[in-house]
Each structure stands twice: as C-alpha cells, then as structure tokens.
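Asks: If you read the protein sequences in the order shown, they are chains A, B and C. For the first sequence, position 203 (counting from the first letter as 1) is numbered 203 according to the working numbering, and the numbering increases by one without interruption. For the second sequence, position 108 (counting from the first letter as 1) is numbered 108 according to the working numbering, and the numbering increases by one without interruption. For the third sequence, position 242 (counting from the first letter as 1) is numbered 242 according to the working numbering, and the numbering increases by one without interruption.
Any given hint could turn out to be false.
Calculated lysine-lysine pairs in the DSSO-like style (CA-CA distance at most 30 Å, straight line) [stated by the list, open to error]:
no., chain 1, residue 1, chain 2, residue 2
1, C, 40, C, 238
2, C, 123, C, 32
3, C, 14, C, 32
4, C, 238, C, 123
5, C, 123, B, 135
6, B, 135, C, 40
7, C, 236, B, 135
8, C, 14, C, 123
9, C, 6, C, 40
10, C, 236, C, 40
11, C, 32, B, 135
12, C, 123, C, 236
Rather than coming from a laboratory, the hints here were simulated on the basis of the structure.
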Amino acid sequence: MAELQKDPITRSDFLGLGVIGAVMGTILTIPPVAFVLTPLIKTEVEGESDVLRTWERVDHVANIPEGEPVSYVIEFPIRQTYGDDRIQEESGVSQQEFTVRNGVWVSWRDGQPPEVLGGIGEGDEVSRDQIEELTQHLNVMNSTCAHLGCPVRWVAEVEELLCPCHGGLYDINGEHIGGPPPRDLYRYTFEIREDGFIYITHEFDGDPYIV
Amino acid sequence: MTEVHRDADQGRAAPAKPVEEEVITEENVFDRPDETMAFFPGQVLRDGYVAAALLIACTVLSYVFPAPLAEPADLAETQYVPRPEWFFFFYEQILMFFPGYALISFGAVIIPTVFVVLLFAVPWLDRSPHYSPMKRPFATVTGLLVIMVVVLNMLLAISRVINFPQG
Amino acid sequence: MIGRVKAQTVETGKLLADWIEDRTGAVSMMEKFLYEPVPKRGAWLYTLGSATLFLIVLQFLTGILLLFYYVPTVDHAWNSVYYIMNEAYFGQLIRGIHYWSANFLMAVIGLHMARTFFSGAYKAPRELNWVVGVVLFLLVIVLAFTGYLLRWDQDGFWASVVGIKIGSYSPFIGGYVVNFLIGGDVIGPATLSRFFAIHVWLLPAILAPLIGVHLYLLRRHGEFGSEFEYTERLAKLKERQRLEEYERRYGLGEEEEERRE
C-alpha cells in the first residue's frame with residue numbers, strides 16, 4: 001500500500017471546506033426538519049387546526065334520559081394532507097371527505113333533568129330562559145379517558161363511567177372520582193338552540209390531543 | 001519467558017498451540033478461551049438450527065394462530081377495550097402506579113428515560129474487572145431486580161386483563 | 001470421460017475463485033470469517049445474537065413483500081391488510097411470519113441483552129458495542145410501536161392512541177411530541193402516513209447500517225466475554241499465583257524450579 005500523503009491545508013482550502021459545509025449543512029438540515037414538522041408548526045405556532053369549526057347536531061334535549069348518560073358518535077370534518085378541501089379544489093380530484101369521529105357522552109347534571117324539560121317535546125320552540133336552565137344542567141363530554149385516551153364506558157350497576165385500561169372512574173358528570181386520571185373528562189363547548197337540539201363544536205376545556 | 005509471551009500475543013488467530021506451553025498471566029488470561037472451534041461449521045450449524053427452528057415456529061404459528069386483524073379503527077367506539085402488545089404489558093402496568101398530573105410524567109416518560117440513559121451507561125457504571133456474575137454482585141442483583149420488576153408487572157397486567165369483565 | 005469433466009469443472013471453479021479473489025479479495029475475506037476460532041463452550045448461548053439477526057432479516061424480507069399490497073391510507077389500509085390475509089396467495093404466511101417473528105424478536109432481544117449483561121460482555125473493549133446494541137433495541141421497540149398502527153384496526157389503533165397520549169405527558173414538550181407524531185391536532189390521514197414513513201423507511205434505514213456496525217465491532221473484538229469460557233485458564237492462573245506466593249514466602253528447591261521451567 002502506498003504511503004499516506006498528508007498535504008497541508010491552505011487558507012483557501014479551509015475556506016472552501018467551510019463553504020461546502022455551510023451549503024450542505026443548511027440545505028440538508030433546515031428544510032427537511034421544517035418539512036417533517038409542518039403540522040407541528042401550523043398547529044402549535046400558527047394556531048391552525050385540522051378540524052373545521054363546524055357546529056354538529058347531537059340530539060334533542062328531550063331524548064337525554066334521566067339517571068344515565070347516552071353516547072353519540074359525532075363526526076367533525078377535518079382537512080389533513082390529502083383530505084384537505086382547499087387542495088382538492090385545486091386539483092379538481094375529490095377524495096373521500098375525511099372526518100374525525102368523536103365518541104360523546106351526554107348526561108344531565110347528577111342524572112336529574114331540570115324541571116323545565118317536562119314541558120319540552122320535539123318540535124317545540126324553546127325559550128331563552130329555558131335554554132339557560134337546560135344548559136346549566138347538561139354535561140357534554142368526550143368519551144376518551146383523560147388518563148391515556150381509552151374509551152370510557154357507563155357501568156350501570158355502580159352508576160359510574162369506567163376506563164377499561166387503568167380503571168379510571170368518573171361520576172355521571174364526568175368528574176374524576178378514582179383511579180389514575182389527572183382530571184375530569186374533557187367537556188365540549190355546546191349550545192342548545194331554539195329548536196331544542198344540542199349542538200357541539202370541536203372545542204374542549206383543555207387539550208385531549210388525540211380526538 | 002519472552003518466547004512464550006510472543007505466542008500468547010498472537011492470540012486467537014494463532015493455530016492452537018499445546019496449552020501447557022503458555023504461561024498464563026493476569027494480562028493474557030482472557031486472550032484465548034479454554035477450547036475453540038472454527039466458526040464454520042460449528043457455530044454456523046448451531047446458528048442455522050436455531051434459525052430454522054424459529055422459521056418453522058413462525059410458519060406453523062401463522063396458520064395455527066393467524067396474525068390478528070380486529071375490526072377497522074373507530075375513534076368513537078365506547079365499548080372497545082384497548083390492550084397493548086404483551087411486551088408493553090409491564091410498562092402499561094407501571095403507569096397504574098402513577099396517578100394524577102404530578103406523577104404521570106414520572107411513570108410515563110421520566111423514569112423510562114432515566115432507565116434508558118442508565119442502560120447506555122452500563123459499561124461505565126460497572127467498571128470492575130470481573131466478568132463472572134458471581135464476582136460483581138451489585139450488577140447481578142440490579143439486573144435480576146429489573147427482570148423481576150418487569151416479570152411481576154407483566155403478571156399483574158395479565159391478571160388484570162383476565163379479570164376485567166368484557167363489555 | 002466423467003473424470004475429465006470433473007477435472008475441468010474443478011479447474012474452472014478454481015479459475016473463477018482466483019479471479020474473484022484477485023478483483024475483490026472476497027475469497028480470503030470469506031476464509032477469514034468462516035475459520036476464525038470461536039469459543040466452543042457456550043456456543044449455543046451465542047446463537048441468541050444470530051437469531052436476532054435472522055429474525056430482523058425475516059422482518060425486512062416479509063416487510064418488503066407486504067408492501068406489494070399494503071396501502072397506507074386511512075380508507076384503504078384495513079382493506080389491503082384484509083386482502084393480504086384472505087386473497088393473496090400465502091398472504092397469511094407472509095404476514096404471519098412478519099407478525100410472529102416480530103414477537104419472537106422482542107423475546108430474543110431480551111434474552112440476548114440479558115446474556116450480554118450477566119456474562120459481563122459489555123466490559124472494555126466492548127463498551128461501544130453495548131451502546132450500539134441499546135440503540136438497536138430502542139429502534140426495534142419504536143418499530144414495533146409504529147407497525148402496530150399500520151393495520152388500522154381497533155387493536156393497533158387504540159394501542160397507538162395510548163402510546164401517543166403517553167407522549168403527551170413528556171415534560172415541557174408534550175404537546176409538540178403529540179403534534180409531531182400525529183401530524184396535526186387530531187388522529188387522521190396524516191398520522192397513518194407518518195407512522196408508515198417512520199416504520200417502513202426511516203427506522204429500517206437507520207437500523208440496517210447500525211446492525212453492520214454492531215457486527216463489525218463484534219468481529220473486531222471477538223464474541224468473547226463470559227468468564228466461564230476461561231475457567232481452565234483461570235484455574236491455571238490461580239494455581240500459578242498460589243505457587244509463586246508460596247515460593248516467595250518459603251523459597252523453593254532447585255529441582256522444583258527446574259521442573260517448572
């Protein structure tokens with residue numbers, strides 16, 4: 001094998017190495033990192049959301065029973081990568097519309113419907129005062145456990161919402177009463193409209209992250 | 001003396017000399033194990049047997065217990081019971097012991113991270129010159145404790161999974 | 001006649017081997033690899049490492065095959081896995097091997113690490129090989145985690161939900177970790193794309209060269225490490241040290257000295 005030959009590095013060589021390093025380093029590190037972190041930057045820094053701010057109809061207040069919560073499946077339209085409606089408009093190629101499916105538990109506070117509910121049936125106009133009364137007594141909660149996101153279920157025998165993963169327990173109002181969860185179930189922003197129906201939007205009293 | 005030393009320095013690559021000729025010192029005792037064999041066919045065959053056994057096991061299991069495929073994913077399902085894979089059982093069980101905002105981070109992220117860092121540092125934490133597990137009791141006991149914690153938590157998780165009333 | 005054919009074949013083979021040796025040096029390299037002396041004691045224990053390698057190779061092979069049919073989109077992923085399991089010839093076997101060898105891999109890696117730990121094989125000069133091994137171990141864990149979501153069924157999906165939620169408890173950066181993992185603020189099409197990219201491209205691309213480094217370091221320092229391969233030599237060393245101690249204290253007869261020389 002030939003002897004190793006170690007030429008001295010001149011000032012211009014050194015400069016050249018620096019230029020090469022700077023070009024390679026800049027173009028091959030910053031854009032790839034930003035590329036991969038796009039959703040993070042858009043959501044965390046620019047405050048955008050994938051979920052469109054729509055109001056989805058849940059059910060009529062008269063259908064919420066006494067003493068137990070009911071579960072609903074609500075789908076919120078989302079724009080994410082190839083499901084983005086702005087992009088589909090541009091390409092003219094429509095893909096399936098993407099949604100995020102949320103499990104929603106709805107119950108009356110402590111299981112007791114307010115007295116005003118007695119006079120309200122489907123199709124009745126609901127007055128402003130009645131709406132206020134109903135709103136104060138209604139719980140609209142996301143079904144994922146505040147601990148690690150497993151779906152909570154209603155156990156009728158003990159009248160509690162139970163998380164099957166690590167045994168988190170919530171009462172009918174979604175308030176944490178036992179197990180490892182750090183807080184109550186996440187509550188939706190909701191409103192009851194004049195037609196007596198409950199509407200919810202994808203907004204919580206905290207960040208459940210996954211739903 | 002020097003003659004013998006040079007032989008020892010050639011180490012494993014040298015053709016096996018009669019062992020009696022070598023003077024074993026503190027320095028060269030680990031140069032060459034008691035008895036060696038060529039990598040091929042001895043070791044290759046043994047590796048091959050194990051690999052073949054594993055391949056057969058995989059093949060048989062793929063038909064006896066096919067790889068599972070549950071119903072399509074649904075984020076809104078409230079009756080489903082999520083379960084981790086068996087090798088995450090112990091981790092999931094450990095999380096049960098860390099309730100509330102103040103502790104969850106410890107169980108979920110901080111303790112595992114510290115454990116991994118310690119795992120990386122093992123060669124520098126245990127600097128005793130001994131190899132035998134009997135001669136470095138601290139490392140051995142620590143290792144056994146870790147295994148015990150993992151296995152115990154695994155068993156706890158399994159018993160919890162078995163005892164949970166399926167909805 | 002047959003003898004001549006045989007002789008010619010041998011001759012051709014030799015020429016071919018010589019040519020390859022001259023151009024690449026592959027033959028002598030193979031010789032070096034194949035005939036290196038390894039400890040006879042504990043040979044079965046050392047199959048744990050090669051079993052890990054074999055299972056990872058199986059993962060690569062079956063993983064590449066599964067990609068012929070798998071579609072990483074939320075509306076097609078489950079269907080394509082269902083197709084693999086029920087329509088493609090030997091689909092059940094290919095996916096079965098991928099699934100079962102992954103399970104075996106976790107177990108065998110555990111045993112391999114335990115073997116290394118308890119025999120003290122991580123000690124100098126093999127510290128770096130231990131470090132590389134731990135990195136490989138972590139990579140395999142993340143591969144197992146990301147692969148679980150790809151089938152987009154309830155089991156894998158909810159396990160990933162729990163895993164992502166665990167990430168949300170990282171101190172200070174919880175929210176960022178989650179948004180990075182799910183590619184947005186809810187689980188959706190972007191989540192599957194990301195997990196697919198990580199499971200199929202990113203991690204294997206890191207894993208493969210690191211396995212190379214692991215094997216290179218293994219060959220460099222030899223696969224020794226356990227004291228029990230040296231029990232005879234250690235016993236001899238002890239005996240000699242004991243004799244020397246005795247000699248230092250009480251002195252030895254001339255003839256005894258001669259006998260030892």
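Asks: Does each hint fit the structure? Answer for all of them.
Replies: Verification of the supplied hints:
| no. | hint | verdict |
| --- | --- | --- |
| 1 | C:40 - C:238 | holds, 22 Å |
| 2 | C:123 - C:32 | holds, 25 Å |
| 3 | C:14 - C:32 | holds, 18 Å |
| 4 | C:238 - C:123 | holds, 22 Å |
| 5 | C:123 - B:135 | holds, 14 Å |
| 6 | B:135 - C:40 | holds, 23 Å |
| 7 | C:236 - B:135 | holds, 18 Å |
| 8 | C:14 - C:123 | violated, 43 Å |
| 9 | C:6 - C:40 | violated, 36 Å |
| 10 | C:236 - C:40 | holds, 19 Å |
| 11 | C:32 - B:135 | violated, 35 Å |
| 12 | C:123 - C:236 | holds, 23 Å |
Checked against the numbered hints given earlier, the structure breaks hints 8, 9, 11 and satisfies all the rest.
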